[in-house]
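Number of protein chains: 2
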Amino acid sequence: MAKDGMNVNKDENIRSFLMIGQSNMAGRGEFRDVDPIENPDCFMLRMGRWQQMYEPINPDRDIFKIKYHSGISLAASFADELSKLAGDRIGLIPCADGGTSIDQWMPGEVLFDHAVMMTRLAMRSSTFSGFLWHQGEADSYEGRLEVYQEKFITMISAMRRELGAEDLPVIIGELSEDIERLEKPNIIKMNENFHAIAEVLPHCAVVSSKGLLLKPDRLHFNAVSLREFGRRYFEAYCKITEQK
Amino acid sequence: MAKDGMNVNKDENIRSFLMIGQSNMAGRGEFRDVDPIENPDCFMLRMGRWQQMYEPINPDRDIFKIKYHSGISLAASFADELSKLAGDRIGLIPCADGGTSIDQWMPGEVLFDHAVMMTRLAMRSSTFSGFLWHQGEADSYEGRLEVYQEKFITMISAMRRELGAEDLPVIIGELSEDIERLEKPNIIKMNENFHAIAEVLPHCAVVSSKGLLLKPDRLHFNAVSLREFGRRYFEAYCKITEQK
Chain A
15 MAKDGMNVNK DENIRSFLMI GQSNMAGRGE FRDVDPIENP DCFMLRMGRW
65 QQMYEPINPD RDIFKIKYHS GISLAASFAD ELSKLAGDRI GLIPCADGGT
115 SIDQWMPGEV LFDHAVMMTR LAMRSSTFSG FLWHQGEADS YEGRLEVYQE
165 KFITMISAMR RELGAEDLPV IIGELSEDIE RLEKPNIIKM NENFHAIAEV
215 LPHCAVVSSK GLLLKPDRLH FNAVSLREFG RRYFEAYCKI TEQK
Chain B
15 MAKDGMNVNK DENIRSFLMI GQSNMAGRGE FRDVDPIENP DCFMLRMGRW
65 QQMYEPINPD RDIFKIKYHS GISLAASFAD ELSKLAGDRI GLIPCADGGT
115 SIDQWMPGEV LFDHAVMMTR LAMRSSTFSG FLWHQGEADS YEGRLEVYQE
165 KFITMISAMR RELGAEDLPV IIGELSEDIE RLEKPNIIKM NENFHAIAEV
215 LPHCAVVSSK GLLLKPDRLH FNAVSLREFG RRYFEAYCKI TEQK
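Chains as they are written, first to last, in the numbering used here: chain A, 15 to 258; chain B, 15 to 258.
Check each hint, because a few of them may be wrong.
Any copy, or any two copies together, can satisfy a pair, since identical chains are not distinguished.
Simulated pairs of lysine-lysine, BS3-like, Cα-Cα distance not exceeding 27 Å [said to hold, decoys possible]: (1) Lys98 with Lys203; (2) Lys79 with Lys98; (3) Lys81 with Lys229; (4) Lys79 with Lys165; (5) Lys198 with Lys98; (6) Lys79 with Lys229; (7) Lys79 with Lys253; (8) Lys198 with Lys253.
No wet-lab data here; the hints were simulated from the structure.
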């Protein structure tokens with residue numbers, strides 16, 4: 015009765031990934047710019063249960079709004095590629111939230127606790143397999159840039175500990191260098207932050223944003239580039255786990 | 015930077031309500047059938063934080079699917095009416111999930127734990143004020159009908175206890191008597207269940223579905239009727255809390 019969604023069984027094996035960060039992880043791509051990804055092996059968490067993946071995966075904002083709506087995200091092509099390569103079912107745990115700074119992701123903050131709670135729920139019916147992070151626009155300012163590495167490592171280490179996920183990959187995407195509202199030297203410094211983090215944090219990789227394009231808002235990656243970004247996250251994940 | 019959503023401050027006073035149950039609480043109304051409700055005093059929980067209310071409030075299913083998509087729900091007009099009457103800010107905690115049976119809502123189940131977790135997060139920045147329930151289609155069968163009252167009372171009592179919300183209102187909506195896939199006597203028995211529950215459960219009210227219309231799917235209330243249903247939930251809430 016009222017069977018209006020497909021749920022997978024607890025026993026079926028899903029490898030799950032946590033989506034965390036700000037709007038460019040949540041995804042603001044236009045639906046009309048790309049074909050939908052329809053892969054029966056890709057799922058996303060809704061109310062703690064797995065549903066067939068559709069976009070927007072991460073509904074942090076209005077979908078019908080013209081500006082800054084929830085839309086296409088990089089996670090869809092990441093999941094699609096990984097499921098095809100590995101023949102596994104992939105589950106996405108959407109916890110990204112637009113406009114948020116690293117301070118809002120620190121242990122004890124709502125976003126940190128929400129992400130940990132949702133991942134724990136997901137772990138009842140999946141094998142938790144890694145972290146997908148894209149954030150930094152909100153911290154690309156003098157005074158914030160200098161403390162970002164330390165804050166990020168504190169945050170992600172605490173999250174790994176909370177989830178018993180000390181050895182699981184953390185994949186970080188670079189910011190676009192073309193964001194209009196930020197000073198370019200600051201964007202470059204933030205991207206250097208990410209690479210410096212990956213040098214000291216075990217099982218961490220940084221994904222290049224080279225050649226990826228923004229929407230006319232000059233702030234968010236466009237849908238076509240998000241598909242490509244997801245494939246690069248997938249490549250980075252494979253490299254770090256030596257799956258390819 | 016990347017400020018793509020309005021968040022209210024922790025100190026601002028929001029009265030929050032938990033949306034639980036199956037598809038007719040989640041909401042499957044067509045967007046084109048009603049005007050959007052734009053009330054700056056109405057909010058909904060996203061990633062543990064308050065965002066301006068928009069629909070779909072409860073994104074348990076695909077929004078672009080033609081059949082059984084997340085859509086208009088009764089909670090929007092409930093929140094709108096209550097904020098206008100009380101002059102308060104109202105927050106909705108969307109935890110309903112289509113097609114679910116009462117067994118899936120029992121303590122220890124994913125949906126129960128998810129609802130408790132999300133409400134606890136909401137309570138960091140709001141005053142939790144009550145439960146909005148609509149469910150029963152999945153249990154309107156012989157064998158299930160007879161045990162529904164006991165199961166519901168066990169479930170809601172446990173949830174109240176977990177949240178320290180023993181005295182907070184529980185508002186239950188009747189099923190439509192026109193659902194095609196169910197035997198009418200069974201629907202009537204389920205509605206009798208609700209009224210019997212309200213007789214023994216403190217601070218519980220049942221909302222009539224009389225005159226409300228279904229969509230052509232003969233399963234889900236249409237958007238216009240959901241607006242009316244929400245106003246009836248509001249009336250019931252006012253009566254039980256003697257606000258009017």
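How the hints compare with the structure:
no., hint, in the structure
1, Lys98 with Lys203, "neither (35 Å within a copy, 48 Å between copies)"
2, Lys79 with Lys98, "between (33 Å within a copy, 24 Å between copies)"
3, Lys81 with Lys229, "within (11 Å within a copy, 31 Å between copies)"
4, Lys79 with Lys165, "neither (33 Å within a copy, 41 Å between copies)"
5, Lys198 with Lys98, "neither (37 Å within a copy, 47 Å between copies)"
6, Lys79 with Lys229, "both (15 Å within a copy, 26 Å between copies)"
7, Lys79 with Lys253, "neither (38 Å within a copy, 36 Å between copies)"
8, Lys198 with Lys253, "neither (29 Å within a copy, 59 Å between copies)"
The structure fails to meet hints 1, 4, 5, 7, 8 from the earlier list, while all remaining hints are met.
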